[in-house]
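Please work from the sequences and hints to get the whole structure.
One-letter residues, chain by chain:
There are 2 protein chains.
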Amino acid sequence: MASTIKVNLPQQSYDIAIAPGGLDRLGESMAGLKLGKKVLLVSNPTVFQHYGQRAIASLQTAGFEVVSCILPDGENYKTLESLQKIYDVAVENRLERSSTMVALGGGVIGDMTGFAAATWLRGINFVQVPTTLLAMVDAAIGGKTGVNHPQGKNLIGAFHQPGLVLIDPEVLQTLPVREFRAGMAEVIKYGVIWDAQLFAELEASQHLDAMGDMKSELIDSILVRSCQAKADVVSKDEKEAGLRAILNYGHTIGHAVESLTGYTQVLHGEAVAIGMVAAGHIAVELGMWTQQETERQNALIEKAGLPTKLPVGLDIEATIEALQIDKKVKAGKVRFVLPTQIGVVKVTDQVPSDTIRQVLRGM
Amino acid sequence: MASTIKVNLPQQSYDIAIAPGGLDRLGESMAGLKLGKKVLLVSNPTVFQHYGQRAIASLQTAGFEVVSCILPDGENYKTLESLQKIYDVAVENRLERSSTMVALGGGVIGDMTGFAAATWLRGINFVQVPTTLLAMVDAAIGGKTGVNHPQGKNLIGAFHQPGLVLIDPEVLQTLPVREFRAGMAEVIKYGVIWDAQLFAELEASQHLDAMGDMKSELIDSILVRSCQAKADVVSKDEKEAGLRAILNYGHTIGHAVESLTGYTQVLHGEAVAIGMVAAGHIAVELGMWTQQETERQNALIEKAGLPTKLPVGLDIEATIEALQIDKKVKAGKVRFVLPTQIGVVKVTDQVPSDTIRQVLRGM
Ligand SMILES: NC(=O)c1ccc[n+]([C@@H]2O[C@H](COP(=O)([O-])OP(=O)(O)OC[C@H]3O[C@@H](n4cnc5c(N)ncnc54)[C@H](O)[C@@H]3O)[C@@H](O)[C@H]2O)c1
Ligand SMILES: NC(=O)c1ccc[n+]([C@@H]2O[C@H](COP(=O)([O-])OP(=O)(O)OC[C@H]3O[C@@H](n4cnc5c(N)ncnc54)[C@H](O)[C@@H]3O)[C@@H](O)[C@H]2O)c1
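Protein chains in written order, with our numbering: chain A, 25 to 387; chain B, 25 to 387.
If you are wondering where the hints come from, they were derived from the structure by calculation, not from laboratory data. Be aware that a few hints might be false.
For identical chains, the list gives no copy identity; a pair is met inside one copy or between any two copies.
For lysine-lysine, the following DSS-like pairs were computed, each having C-alpha atoms within a straight-line distance of at most 25 Å [unchecked claim]: (1) Lys177 <-> Lys109; (2) Lys333 <-> Lys58; (3) Lys263 <-> Lys177; (4) Lys260 <-> Lys327; (5) Lys333 <-> Lys30; (6) Lys327 <-> Lys239; (7) Lys62 <-> Lys263; (8) Lys30 <-> Lys58; (9) Lys109 <-> Lys357; (10) Lys61 <-> Lys357; (11) Lys333 <-> Lys370; (12) Lys370 <-> Lys263; (13) Lys61 <-> Lys263; (14) Lys177 <-> Lys61; (15) Lys58 <-> Lys357; (16) Lys177 <-> Lys62; (17) Lys357 <-> Lys62; (18) Lys61 <-> Lys109.
What follows is the structure, encoded as structure tokens:
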């Protein structure tokens, strides 16, 4: 079943098109957008071997001239050096203001391609074809683009909205199960912060930990409701002035865990799962949330095959310290997103260190 | 005499403050802008030796914590590598969303610093302290920022508006005379495309080729009227959708001349001067402009010590070819800005190659 979600922004609106088999209609879907003929497709070898030729064929059938830039796979390559490679292909092929960069891949490829499109000739067209669950429900939507600095993630970037996000759920069939689960963490997040109905649907499913075991209607619903949640929040706060902060639910402790484990041992989604468990406990400690609802959240996280405990050996004092250097710190106060009921959260910087310490010790 | 010009944009407005001795009040001028404490000052050794300590002292007196990044002097260093150096200093000193990058230098430093500010944490505050005439009347205003690709100028960039442009005309005293004249080309441009009164004031002055020989009221007027012209055009067309094209008067042929001479022999302003002479002749050929007015324009260009003839040995066919690969080409048609009377221009892509050839042969 195909669905379309509109992202309405002050300057620009665009569609998130969710359609099984949509990859083969990529060119067609772009044909209505008034784009120039030239397309630069950016991908990595893992994704390109599965889907590259189909994407290119579809673009060519629709009359686009396609060149591609295949970057090495992995967060380690989300760098200015990779960006330079995209620019090199752009200059060789004389990409113009009317040309389009298409990202075919997960969040890493999407973030880099978006930043290249934001900065080539001060901004050209950009289309997202996310191929991980995480990129479909999160990274591809909202216009945040960028690369890492050797000293920190996503420090260099720009806001640049895509002209289209095309989601073909069928490509998830080749996604490694661990990556699927990592994406599911963000889906559960939307249930807790925004959409109690999504939360209920996730509760009703017997399985959440592997795509093959899940009903296709549930996959549909997960994609549509998650994208809608992100689109709603982003439309209300494009440049992260306020509301958008709630998307960081689970990310405060999550980022500290990622950074202390060197970004290799724990996937981002796994760290967010741990962070949501911690945030739930903190909310209960502060009397903001019920024990019963936090347990329902944690049960979903477990059903999705995600971790609910701190990585073995994690230094708790170092974790508390790491919170201080997060981007979300304002005037020395750590900002937490905490649930008050399923579907509703509050942002607060009034969490005593002792509460954090006690909760982490208990995990 | 101090003047302030407001640049009004849909999202944001800012001041261009023109004040002799203003450099020593930089910190004070920034104090009202609600900026964080941290400032990263970017400059080059040439400019920094003259003005760096005064800028820093003024910032510190106003309570800012200042770090600096001194990049090598020259267009050759307007690269992603230099940008990386700015990012390195930013990360070392933990620049935050509320922090500010200050560009102290000519257009090269301004463009790079602006791009770094546009992309650090997806955009932080930015203040321009232009120190060349060209940067004062042109590069520092309008929010175009960027760096060069080895294969082409300004191919990588972003729109990012400064929070303040502070112009201290006194710093022009150390500017090499050839650079002063190059800036004067853009001043004459504003007279031809926008401000007949400015044109008349330039005509009334005995000298235009060296700051020391010019009345300080004329310098004032040149700065105020040129900045006002650019601010007017930019306010009406922030993202270069239409009107802003008129700022490219003299730049069509100018860019071709720069590119064919390898960007070393001829300064940008000198190339623009040659381009304005060519555009004037073309306009006369097409019956759009009078011979008499084009001669008045050319007299100003000569009085400013700028070239009015093509560089010796320039290949005319190669020049015509180079027009085709300019950024201003749309669907294969070369776009020209042509005067119809002093203060008024028209944009057209209806210039026959033969007319261009004939005009260039005559120069
Ligand atoms: N821009 C945003 O708003 C935003 C939001 C969240 C995350 N992010 C960023 O996203 C990145 C993480 O994204 P991710 O989780 O998609 O990681 P990823 O892009 O590294 O993809 C994970 C792995 O799956 C592989 N893969 C992707 N699609 C596949 C498919 N269909 N079949 C088989 N293998 C496939 C990839 O090659 C990679 O090895 C991080 O860099 C993060 O900063 C950005
Ligand atoms: N962003 C825009 O809208 C825009 C518009 C026009 C030009 N530009 C860019 O601006 C650049 C050219 O700028 P520019 O002409 O200022 O060149 P520049 O920045 O290279 O400065 C010219 C020379 O003068 C020196 N200098 C600067 N100020 C001085 C001072 N007060 N005393 C002594 N020496 C001084 C510099 O160190 C340099 O050697 C180009 O890269 C061009 O692309 C940008």
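Going through the hints against the structure:
Taking the closest pair of Cα atoms, Lys177 and Lys109 come within 25 Å of each other both inside a single copy (20 Å) and across two copies (17 Å). For a Cα distance limit of 25 Å, the shortest separation of Lys333 from Lys58 qualifies neither inside one copy, at 49 Å, nor across copies, at 42 Å. For the homomeric pair Lys263 and Lys177, the shortest alpha-carbon distance inside one copy (19 Å) is at most 25 Å, but the shortest distance between copies (30 Å) is not. Neither within a single protomer nor between protomers do Lys260 and Lys327 lie at most 25 Å apart by alpha-carbon distance, with minima of 32 Å and 56 Å respectively.
Taking the closest pair of Cα atoms, Lys333 and Lys30 never come within 25 Å of each other, the shortest separation being 37 Å inside a single copy and 56 Å across copies. In this homomeric assembly, Lys327 and Lys239 come within 25 Å of each other (Cα to Cα) only inside a single copy, at 15 Å, whereas the closest approach across copies is 80 Å. Taking the shortest alpha-carbon separations for Lys62 and Lys263, only the inter-copy value of 22 Å comes in at or below 25 Å, while the best intra-copy value is 29 Å. When the C-alpha separation of Lys30 and Lys58 is checked against a cutoff of 25 Å, the pair qualifies only within one copy, where the shortest distance is 18 Å, while the shortest distance between copies is 35 Å.
Taking the shortest Cα distances, Lys109 and Lys357 never come within 25 Å of each other, neither inside one copy (39 Å) nor across copies (30 Å). For a Cα distance limit of 25 Å, the shortest separation of Lys61 from Lys357 across copies, 17 Å, qualifies, whereas the shortest one inside one copy, 49 Å, does not. For a Cα distance limit of 25 Å, the shortest separation of Lys333 from Lys370 inside one copy, 23 Å, qualifies, whereas the shortest one across copies, 68 Å, does not. For a Cα distance limit of 25 Å, the shortest separation of Lys370 from Lys263 inside one copy, 19 Å, qualifies, whereas the shortest one across copies, 37 Å, does not.
For the homomeric pair Lys61 and Lys263, the shortest alpha-carbon distance between copies (22 Å) is at most 25 Å, but the shortest distance inside one copy (30 Å) is not. Taking identical chains as interchangeable, the C-alpha atoms of Lys177 and Lys61 lie at most 25 Å apart only when they sit on different chains, with a minimum of 23 Å there against 34 Å within one chain. Proximity of Lys58 to Lys357 under the C-alpha cut-off of 25 Å is restricted to the inter-copy arrangement: shortest distance 19 Å between copies versus 46 Å within a copy. For the homomeric pair Lys177 and Lys62, the shortest alpha-carbon distance between copies (21 Å) is at most 25 Å, but the shortest distance inside one copy (31 Å) is not.
Taking identical chains as interchangeable, the C-alpha atoms of Lys357 and Lys62 lie at most 25 Å apart only when they sit on different chains, with a minimum of 18 Å there against 47 Å within one chain. Within a single copy, Lys61 and Lys109 get their C-alpha atoms as close as 21 Å, which meets the 25 Å cut-off; across copies the closest is 36 Å, which misses it.
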